[in-house]
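Visitor: Taken in order, these protein sequences are the chains called A and B.
Letter by letter, the first sequence follows residues 1 to 229 in the UniProt record's numbering.
Letter by letter, the second sequence follows residues 1 to 229 in the UniProt record's numbering.
No lab work stands behind these hints, which were simulated from the structure alone.
Be careful, since some hints might not be right.
It does not matter which identical chain is meant; a pair holds if it fits inside one copy or across any two.
[Unchecked claim] With a Cα cut of at most 25 Å, we get these calculated BS3-like pairs of lysine-lysine: (1) K132 with K160; (2) K92 with K179; (3) K179 with K160.
Number of protein chains: 2
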Amino acid sequence: MSARALEALQSADVIVGYKTYIDLIKDLIQDRKVISTGMTREKERCAAAIEQAAAGHRVAVVSSGDPGVYGMAGLILEMLEARDQLKTTPVKIIPGITSATASAARLGAPLMHDFAVISLSDLLTPWETIEKRLVAAARADFVIVLYNPASKKRDWQIKKAREICLYYKAPTTPVGIVKNAAREDEEIYITDLSGMLDYPIDMLTTVIVGNRSTRRVEGFIITPRGYVL
Amino acid sequence: MSARALEALQSADVIVGYKTYIDLIKDLIQDRKVISTGMTREKERCAAAIEQAAAGHRVAVVSSGDPGVYGMAGLILEMLEARDQLKTTPVKIIPGITSATASAARLGAPLMHDFAVISLSDLLTPWETIEKRLVAAARADFVIVLYNPASKKRDWQIKKAREICLYYKAPTTPVGIVKNAAREDEEIYITDLSGMLDYPIDMLTTVIVGNRSTRRVEGFIITPRGYVL
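Pulled out of the complex, with its shape left as it was, chain A reads as follows (with noise of 0.2 Å):
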C-alpha cells in the first residue's frame, strides 16, 4: 500500500469496500463507519460511497491493486455522472499496485517488454471481444496479463486463452502464475502453455505468458529488454 493510500483511508469517516479487501485492512480503519457488501455488488457500493459523501462525508472506497485496473475508479465516475453529481463531488482517485506487476514482481521480471492486459471475465464484455483481443496480443508477440482467469462458474475461459496462445507462441512460452500475490497465502507458480492448466488458476489468480523472448531461469521468469551483456 502507497503512503497515500494509507492517507486517504485514515483522513476518511466513512470506509466502502468488498469485504474481503476489508478485511485485509480492518487494522487500519478501527473506529470507522464501514459499508462492506458481498461480491458483484458494485454499483450498491458505489451507490452507498456517493451516498455518504452527498451528505457530507469523507469517503474511502477501497479497490485491491489499483482502483482503474477493472476496479472502482471507472463506476464511481459513471455513477456520478448518471446521477449529475460528478460536477459537484470531489473525486481523487489514488493508484495502487496492480496484479499484473505486483504477481510480476514475484515471478522476475516477465514485463520488461510490451504487454497486454486482458481480463478472462465475460460477465460485463462479450466473449468475442475478449478473444479478439487474445488473438491480436498473441499474435504480435505481446506478454499476456490474464486478470479474473477462471471462478467457480467460469472454467473454459482459461482453456480457451491457452488454446489461442499455443496457436501462436511455442508450447515452451514460460507461464508465471501468482495467487494472492504479495499477500500471507501467496501461491506462486512457474510453468510453460503446455503445462499450465496443471496448476490451480482462480478468481484471485493472476497469469503471465511470456513473449518469444522471455526464458525461465533458476527459478525467475525473465523478458529481457534487449540490452546487449
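Based on the hints, put chain B in the right spot on chain A.
Guide: Here is chain B on its own, set in the frame of chain A:
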C-alpha cells in the same frame, strides 16, 4: 511509494540509481553510500550494484514507477545470470506504481478495460516490432498506453503511432497526456487523437489512447467497464 519500498531503501547500505531518481528520494537516503549515473548508463549501474552486493553490502537499486515495467529488474537478473551469480545472490523485486496506472488515476479511469502497454523507444527494439504491436492493439480496440513516446532525438515515433491509431480509431477518441505523473511538476492534458500533437510530449510523458467506448466527461477520461447503470 509503497511501505515495502521505503523499508527496502532504509535497510540498504548502498543505493544505486539514475541521478534524476536519486534526487527525488534524497531526503530518505541520507548517510547512505550512493552510486548514481546518467541516463542510458543502465548496464554500468547494474554492474556496480552487483559488485557492491558481492562485497557484502545490502544494495537497493532504484527505478522510477515499477522496476519490472521497462525498469531495472530484468537487467539485474540478466546480468547476474551472465555472471553466473544468479543462484548465489539473493534478489528481491519490490513492485511499484507504474506510470500507466499513476497517469490513469490523474486522468480519471481510462484503464477500466483491456489495455496494451507499448514503448515507442526503438533504441533496443526494431521499429517493425513496435509498429506491429501498435497495429494489433489499435485494431483489437485495446486502450493503448504509450511509454517513452518521444525524446529530443526521437520525434517521429509518436506521429507514426498516432497515424496507426487514427486508421483504426475515431479522431475523437480521447487521449490523456500526463507528464511527471504524481510528481511536483506534473502536467495533465486531456485531448483526442485529432489534437494530441498540439501538446508537449517527451520522455517523461505517458500517453493513453482510449478504446471505442472511452468518453470525456467533466475533465475526466472514462472507459466504461460495461455495467448497466
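Visitor: Taking the hints in turn, state whether each one holds.
Guide: Each hint, compared with the structure:
In this assembly of identical chains, K132 and K160 lie within 25 Å of each other by CA distance both inside one copy and across copies; the values are 12 Å within and 24 Å between. When the C-alpha separation of K92 and K179 is checked against a cutoff of 25 Å, the pair qualifies only between copies, where the shortest distance is 18 Å, while the shortest distance within a copy is 29 Å. For the homomeric pair K179 and K160, the shortest alpha-carbon distance inside one copy (20 Å) is at most 25 Å, but the shortest distance between copies (39 Å) is not.
The earlier numbered hints are all upheld by this structure, with none contradicted.
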